[in-house]
Structure formats: structure tokens, C-alpha cells
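J.: These two chains come separately, so use the hints to put the complex back together.
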Amino acid sequence: MGSAELLQFAVAGLKNGSIYALVALGFTLVFGSTGIINFAQGEFFMLGGMLAVFFVKLGLPLPLAVVAGVLATAVVGLAFERVALRPRRDSGPLALIIITIGGSMVLRSLSRHAFGGNELSLPAFTEGASIVVAGAAIERQALWVWGLTIVAVAGLSWLYSKTRFGRSMRACSLSHEASRLMGIDTARIVMVSFGLAAVLGALAGVVVAPLTQTSFNVGARIGLKGFAAAILGGLGNPIAAVVGGLALGLVESMSIAFISSTYKDVIALVLLLVVLFVRPEGILGRATREKV
Amino acid sequence: MGTVAPRIRFVLFAAASVVIASVPFLTDDRYLLKILTFVGLNAIVVAGLALLLGFAGQISMGHAAFFGLGAYTSAYLTTAHEVPWLLAVAAGTLLAATGGLLLALPSLRLKGHYLAMATLGFNEIMSVLFVEMRGITGGNDGLSGIPFPSIGSFVIDSPAAIYILVWAVAALAFVGAANLVRTRPGRAMRALHGSELGALASGVNTVGLKVQVFAVSAALAGLAGALYAHSVGFISPSQFSLEFSILLVAMVVVGGTGSLTGPFIAAVALTLLQYVHALIPGLSKDAAALIQDWEVDISGLIMILTVIFVPGGLAAFLKRRRSGAGEEGEIA
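Line order of the protein sequences matches chains A and B.
If you read the first sequence in this note's numbering, its first letter stands for residue 1, the second for the next number, and so on.
If you read the second sequence in this note's numbering, its first letter stands for residue 293, the second for the next number, and so on.
Excised from the complex, chain B in its bound form (with noise of 0.2 Å):
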């Protein structure tokens, strides 16, 4: 979004958020305003790893597993011990964030492959826990009867009202996460990415400002994780696993680097594509099966195909290139 005038962007702000808070006054179909909740949850995680992996260039693998820690977390703390909602994601937010902290620590000393290695692992290790820890995941059968969202005794139960909570949240995802990357930790972090021995010899904390970030977006991903358990009610290990992960780093490379408009488009189109079935009206069982059934390869091509093609992914479509720096903002 570097170059696109800050006015330009506040009214291209202003214009999605109208858009996307007008949709439950447009439809009261159940199962569309689901699906929209689910995009903007996953908006919500991927305003987190775009910092990460789009500004700071450190790759994360294992982003499921947080939202499936801050998912479990709230879950079990609302289901077997009656905590107030909002401590119970607070308390799956500040796990998740903790996670991400103690994973950071160690993986500072890693970068590119390693790093990618390490979080993958984690990543399986959690998968692992999920269904192990029977006594307060439930195992493979998962948790289920989770609470609505409630503050107090006033419930949001309705597939409206909840959409409208997700939402909210994602905007000041995307607010905070917009803010920061203008900022000194912000330029700090693209310095990183481009060259982290340049970056410290420049005097960036390379190693805090690493850790800072990569606990952001874990927080970020359970937050999103403990809001999607109260909104579908049922959490099961599988939700969390490898492919999700996968899926949300897709949608940032998709997105393109440096950017965090570019991440927001590809996260709605890509989770859009996995409920498409839904959204054609008319379009025919086989046709719908076909598509769900592809879902896979076409994101996974797609991804391919962005890296090759457009390394700068979405955002280089955005934004007018600054003479002479037709670099940045590429996968490197």
C-alpha cells in the first residue's frame, strides 16, 4: 500500500467497510453470513502473518496450531469452568501469544528453511496434542456446546450479530496492523526483509523486533481461533491441521509482500473458493462437487503459479510502482 496517497486508502477503507457491514441488512441467509464470518476470521489471521511473513519475511508454517490453541483454549475454559467469554478468548489470545512466543525464542537462530521446518513441526505436534489431550480437547470427537459470544447477560447468538462481531474485530485487525507497518517497527521489519545483517547493522533489534512480530501474529491467529469456536460451536482437531496452515500462507504469497491490501483480497477470494458451492446460485450438484473436490490443487497452483509469475503477487497489481524499486514487494 506504499504508494497509493493515504487519503486514497482511507476512502478505499471507508468504501469495504460500508460494503462488508452492510451485508446483514442485505441477506438473513444463515449459511451465507457463516461463510462471510469464516472470511473474515480467516481476514483476521492473515492481517497477522502478512506482518510476519509479507513486511518481516519470517515464514510460518505452524499458524493452525495457534488458531486451534486460542480455538481450544476458550473452548474448554467456557465449556468445563464457566469462564466470562471474553476472559476465555483473552485467555486463548494471551496462549496463543505465549506459543508464539516461546516458539519464536529458540527459532531466532533460524531462518528461511529452518524456520519454515520448525513451525511445520510444531505445527504436527500440536495436531498431535489436539487429539491426545483427550481430558480437555475431547480427543478426536473435539468439544462440543460451545458457547455464543456473551458479555454479561447480553448473548450476540445471531448469525448476523456474530458476523458483525467477527468483522469488527477484523477491521481493527487491519487498522492496528496498517499503523504499525507505517511506523518505525514497521520500516524496521522491511529491513529485515531485505537484508537481515543489513537490517542489524543498521541498528534494528533484529532479534526482539523477530520475536515481537512473530507473537503479534500468533495472537493474532488465536484470536481468530477463539472467536471461530464460539461462532460454529463444535471444534474438532482436524479444522487445525497442516493444510489450514498451508492455506493461510498461500493467501498471503497470494496477496504479495509488503502489503496488506493485497493478503485481505486473497484471503477472501481463497476462502471464498472453498465454500463456491455455495455462493453460484444454480450452479449444478456436480459442478459444485467438481469444484470443492479441486479445491485443493487450484489453490495449491495457484500459489505455484504466483511465485513464478507474479512474484509480487495481488499488491503489485495495486500499487503504481515507485521508479527504481521494482524490487520490493517480491518474494524473494
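For reference, chain A alone in the conformation it holds in the complex (with noise of 0.2 Å):
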């Protein structure tokens, strides 16, 4: 295999990779603030694919269309913790599995009620063919799939070190008694960790729809690689998130060079499976001990 075609999949894996690692960051996002795994978080990344094309049909110009997608799908996720979660709150994990579960699966059969059963495609964001970098192609789009991850991470990483309410966010992470008792409204932390996984996974579906097309059952599988990505590098952390992301991306892209890309999906799987028995902590994480 000559090095081009080497880079064309290295640029592959890296823009897969940045999709794994913004959904993998909404996982982390709600771990983070809650200690609950969304199994939902992929139906944010369908939703924000199928609504922006859904609000390109109602005719709005397309950046004003990518914004109202991530933004509906936003009011999505609050609401979602608004209505669903909330009620739960103190229950323990079986019981906040099983609501996310059951929420997946009515926001899945709602959005195809909505939008119909079948593959629908966004437009480029900007047009033109693609760029020729040392002999390997890369889509225009890529470049949008890079550039609004590195503005999301960069987002995030502000909001966690600078602002107050970042602060309050990695209180509670560590303790949600101790943070009620300084003062932090923990529940609204909760509802919006939420909605910022909601834009998170929204803005991987929304930008990524115009190279692989969308449809109202994306999410599961997404889901999955998200979590894979972000149990790769060690939960509730963001950096190792987006690590996580890019090498599940390079891992599936280099095996699909190099072994086959029919079973792509399962090795992805694997991985996830191996990482969970022989390091469920992550590569980059530490682990913890239960406590009585």
C-alpha cells in the first residue's frame, strides 16, 4: 500500500474518528455530571441530522438550518431529562437505564413517524470538490467535521476551567451532597449537561449528514461507538473522549486497509468489548473502588 493511499485512510479514520469523539464527549458530559450512561445519546445525534434537513425542507437557508437543528435537538435533550429522568433521579442505575433505553426508542419511532422511513441527504456546507493533500482527497466536508470539533472541545474545555457554571459541573461530578451544600443548583447542572450532550451529539449528525446521508435509525450503532470511544479513553473525561474517538476512528479505518471492511462495525465492537473486561476504567482513567 502506497503512503497516499495510507493518508486517504489516516484522513478517513481521523474524520470518523471526530464524529466517535463528539458523541463520545456527550457521553462523558452526562457521566460526568450524573453517573448515568445515556443509552439515548445517539437518537441527539440522529435528531440533529434528520431536523436540520427537516428545517432545509420548511426552506430555511442551510446555516440557519444546521443551528435550529442542534438547537431543537437541545430543547430535546432538556426536556427529555425535564420529564423522564428527573422523576428518578435518586434511583439507581437499572432503573435510569431502562428510561433512557425506553426514551431511545420512542425518540427513534417518533422521528420516523416525522420524517419517514427512508435515507435523507443534507447538502455540503460549502460546495466544491474536494482537496488534494500529498495525493490522499479530503472533502470540504471534512474540514467542517474538524473545525466544529475543535470549536466544541475548545468550547467545552472553557466552559469546564473558566466559567462558574464549569466549575459547579465538575463539583458535582465528584459529589453531588458536598455541591448542594456549597450552593450549586445540582438538578439544573443535571438538566443542562443534558442539553449540552443533546448539541453535542446533534452537531456530529448534523455534520456529518451530508457525507454519509441520515435516516431516523442511525442512532443505535452511533450510540455504540460513542460509548466505545469514550470507555476507550477512561469515562468522564473529556479529553480522554476525544482521544478515545480519534483512535477508535484511525483503529477502524486501518483495519478496513488492512483486513476488511466487512466486519468494520464488529471490530469496533471488540475493541469496545476488550477495553470493557480488561480495563473498564479506560486507558487514560484510574480506577475506583466500590464502597458499602
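Quick caveat, the hints were computed from the structure, so don't treat them as lab data.
Predicted, not measured: the structure shown is a model, and the values here were computed from it.
Virtual Cβ for every residue (Gly too), placed ideally from N, Cα, C.
Worth double-checking, as some hints may not be accurate.
Not close to chain A: a few residues of chain B, all C-beta gaps over 12 Å, as computed [as the list claims (entries may be wrong)]:
id, residue
1, 306
2, 312
3, 316
4, 372
5, 383
6, 393
7, 428
8, 433
9, 448
10, 525
11, 560
12, 572
13, 578
14, 606
To spell it out: a stretch of chain A is covered by chain B in this simulated footprint if at least three of its residues, at any positions, have a beta carbon under 8 Å from a beta carbon of chain B; those stretches are [claimed, not checked]:
id, region
15, 79–92
16, 97–103
17, 223–231
18, 264–273
Distance condition first, Cα-Cα at most 25 Å in a straight line; then the derived DMTMM-like pairs of lysine to aspartate or glutamate [stated by the list, open to error]:
id, chain 1, residue 1, chain 2, residue 2
19, A, 264, A, 139
20, B, 577, B, 589
21, B, 577, B, 320
22, A, 57, A, 119
23, A, 264, B, 535
24, A, 264, A, 5
25, A, 264, A, 119
26, A, 264, B, 433
27, A, 264, B, 424
T.: Right under this line is the structure:
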């Protein structure tokens, strides 16, 4: 295999990896402030793409439709937390898992009712032929994927480290009880975490839609891969989520290059299982011990 | 079922058995019998999943894959190698149990969210394998021409006979599960559900127990899958998707934890919901299509509403609460 070809695969891997990273960030964000794995995270990805297509069909110009799609998904995320999760906020993991699974079922199915069962496509953000770098063609949309990922990660780290709200979120991830005693409105933090996770998921869904098309049932598998990425890095750590996402994208892409494309999805999932079994705290994570 | 007196429980079980057994004598509607056979098959899976999720508190989002593993194994052995039916079904059950064992062993370290994701990942892997291992599974086209159940020269080929076979197995599954939960392993499972650390401290081999329960419930799913393949004669990958796994979990959740009766009723109700259009005579075509179209939404919504408003599920209505036992049987 020539170096240009290899570079081509690396480009594809980093492109998909950025998408996984965005979805993984959503998982990590919600897990950080609530300890919940949100099984509906993949549906936020799906909704972002589907709603943007819907707004384009309504006649909105593309940039507005994209923003509207992301914001509408954020509203869904906030509402989902408020309506379905808050009533059982203090329950154990099983109840919350089941609520988010039920939620993903309903969101997927409602989306099919609203937007139909067909594959839909979104126009590319910028027209034009691919850019060729060292023999590898890079679609213009891939630049958007990377650009938006960088913006999202930068925005998130700014939020986490520089704002009062971000510090509250970090406090929540350490202890809800102590945060509440310090006067932090933990319920609001949790709700906003879901909103932000929805924004990240939707952003991924909308920016990749021009490349892959989208449909009502794309959420489950991207959710799994995003989770795999989050686990790979170490759940709860935003930087680890990005590293995990990019690593997963590259591994997948290289396995297509050197093994076969048939089992591309299996490789990501097997990787997920292996990491879960061998090192559930992730590559960059630290082990914790359960206490009584 | 903890608080209902054993005698009443026996009477209920006998009455349900009589009703179920009399169906083939009351109707010869082939489609209706087929639907009710599916109900029985789902009930078999749910018997195992209720043990795992409802009693031991371990979630599996991969039971559709075990169901598929049993179905493909038995179908492949009987169609490609003319293995006798009984042997093929046993092989399917055994392979599903082995799969459960292999998945459960490393999953021991995982709980809650991680276990759910690991089993979900397993289901997705199997979904891909069912499509891609064309030599055995027939790819997207699936396997057809799967023979009816037969023992020697005796062939079970009428819808009524298949119905009786499936429900006999379902009855055995529930009797076995009910016996299991009343004995030492059952108490250990409940202790595990309550607090894993507490159970461990009380001398429960939590690791061994989890693996055993997982393997048993995977075996039941595999058995149901094998029976399914031979009752419909055709299988394809889409029948063993994640959606089916989630529906099975929904049945146990809606039925309630720490109960077998609740999940059984929920399995019947949620399976029939899929075929409601065929069950209500005189239902207009449009209304039928509408119900069928919204079936997933309804199941998902029922699942969420149950966890929020009736954490004990149907079982909470079925049993009279012992004083001070209010927490028992809730989804924690």
C-alpha cells in the first residue's frame, strides 16, 4: 500500500474519529455530572441530522437550518431530562438505564413518524471539489467536521475551566451532596448537561449528514461507537473522550485498509468489549473501588 | 409471587394452564395459533430474563442474539446436515448457553451501565455476524426450508401441535424458574440484587451465581430461538435485532422485578400488542395499521412510565405487600 493510500485511510479515520469524539463527549458530559450512561445519546446524533434536513425542506437557508437542528435537539435533550429522568433521579442505575433505553426507542420511532423511513441527505456546507493533499483527497465537509470538533472541544474546556457554571459541573461530578451543600443547583446542572450532550450529539449528526446521509435508525450504532470511544479513553474525562474517538476512528480505518471492510463495525465493538473486560476505567482512566 | 400462598399459586398456575391448553380445541384459525405460539416463545425467553434481570438484578440487552444463536444453530444443523430435530435444538440451546457463559465470565467485573453496554455490543456483533457469515446463515436472505419439529418419524407439523409443543416448553420453563427462585440460589440472587457487596459478605459466591444465571437465561433464549426457527420455517437477521432485545427487557420491566407472574403477563400483553390488528375482529384496516405503526412508541412509553410511576411493575399489583417490605421488588 502506497503512502498516499495510507494517508487517505488516516484521513477517513480521523474524520470518523472526530464524529465518535463528539458523541463520546456527550456521554462523558452526562456521566460526569450524573453518573448516568445516557443510552439515548445516539438518538441526539440522529435528531441533529434529521431536524436539519427538515428545516432545509421548510425553506430555511442551510446555515440557519443547521443551527436550528442543533438547538431543537438541545430542547429535546433538556425536556427528556426534565420529564423522564428527574422523577427517578435518585434511583439506582438500572431504573435510569431503562428510562434512557425507553427514551431512545420513543425518539427513534417518533422520528420515523415525523420524517419517514427513508434515507435523507443534507447538502454539503461548502460546495466544491475535494482538496488534494499529498495524494490524499479530503472532502470539504471533512474540514467542517474537524473545525466544528475543535470548536466544540475548545468551547467545552473553556466552559469547564473558566466559568462558574463549569466549575459547578465539575463539583457535581465529584459529589452531588457536597455540591448541593455549597449552594449549587444540582438539578439545573444535570438538566443543562443533558442539553449540552444533545448539542454535541446533534452537532456530530448534522456535520456528518452531508457525507453519509441520515435516517431515523442511525442512532443505535453511532451511540455504541461513541460509547466505545468514551470507554476507550476513560469515561468522565473530556480529553480522554476525544483521544478515544480519534483512536477508534483510526483503528477502524486501518482495519479496513489491512483486514476487511466487512467487519469494520465488529472491530469497534470487539474493541469496546475488550476494553470493558480488561480495563473498564479506560486507557487514561484511574480505577475506583466500590464502597458499601 | 413471594406472598401469595403456595396453594393459591398452584391453582392460578393450573387455571392458566387449562386456559392455554384449551385454545387449540376452541379455534382452528392458523394465524391466531401462530401468534399465540409466538407469545409462548417470548414467554420462554422472559422466564430466563426475569431470573437474570428481575431476581439477580443483572441486565442483558443481548438476549435477541442468544435467541438468534439458537435459531441459526438448529436451523443450520437440520437443513445443511440433516441432524435430527431434537439433537439440533439441544445443540442450539447449548451453544446459546456457552455464548452466555463466555460473555458472562469477563462481564463479571461489570455492573449496571457497563454490563448493559457490553451485552448491547454483543447483540450488535452477532447481528453483523448473522448477516456476514453467509455460508452458515444465508446472509440477508436468511435460511428457509427449515423442517418442522420431528422425533423419529413423528412430525409435529400442524399449527395446533406446534402451539402445544411451545407452550409445554414454556410451562416447564416457568415451573423450573419458580422452583429455582424458591430455593437457595433464588435467595442468593435476591441478595445479589439488593447489594452485591452485602451478598458477597454473606457468603454468596456472587461471581459463580451471576455466570450461572446468565448461562441459564441465555440457554432459555436459545431454546426459544431454536423452537421459533422450526415453527416458522424461515429466519433472517432482522428478526434478532437490538429492538427485540429491548422489547424483551421491556417485558420484564413492565412485569416487575422479583416476580415471574408479572413478566409472564407482560410478555403476553406486549407480544399481543404487535399483532393487535389480527386479534380484534372488525378492526378497520386503517386503525390496525395505525396501531402497528405506533407499536414501538407504545412499548417504549409503557416502559418509561412503568419505571417512573410503578417501579414495582405489574408484580406490585399482584402481591400484597408484607409490612415493611415496600422496597422489595422495585427496579433499583
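J.: Taking the hints in turn, state whether each one holds.
T.: Hints, verified against the model:
no.	hint	result
1	306	holds, 33 Å
2	312	holds, 29 Å
3	316	holds, 34 Å
4	372	holds, 22 Å
5	383	holds, 24 Å
6	393	holds, 14 Å
7	428	holds, 15 Å
8	433	holds, 16 Å
9	448	holds, 35 Å
10	525	holds, 27 Å
11	560	holds, 20 Å
12	572	holds, 22 Å
13	578	holds, 15 Å
14	606	holds, 15 Å
15	79–92	holds (count 5)
16	97–103	holds (count 6)
17	223–231	holds (count 4)
18	264–273	holds (count 6)
19	A:264 <-> A:139	holds, 21 Å
20	B:577 <-> B:589	holds, 20 Å
21	B:577 <-> B:320	holds, 23 Å
22	A:57 <-> A:119	holds, 14 Å
23	A:264 <-> B:535	holds, 22 Å
24	A:264 <-> A:5	holds, 18 Å
25	A:264 <-> A:119	holds, 21 Å
26	A:264 <-> B:433	holds, 21 Å
27	A:264 <-> B:424	holds, 11 Å
In the structure shown, no violation is registered for any of the earlier numbered hints.
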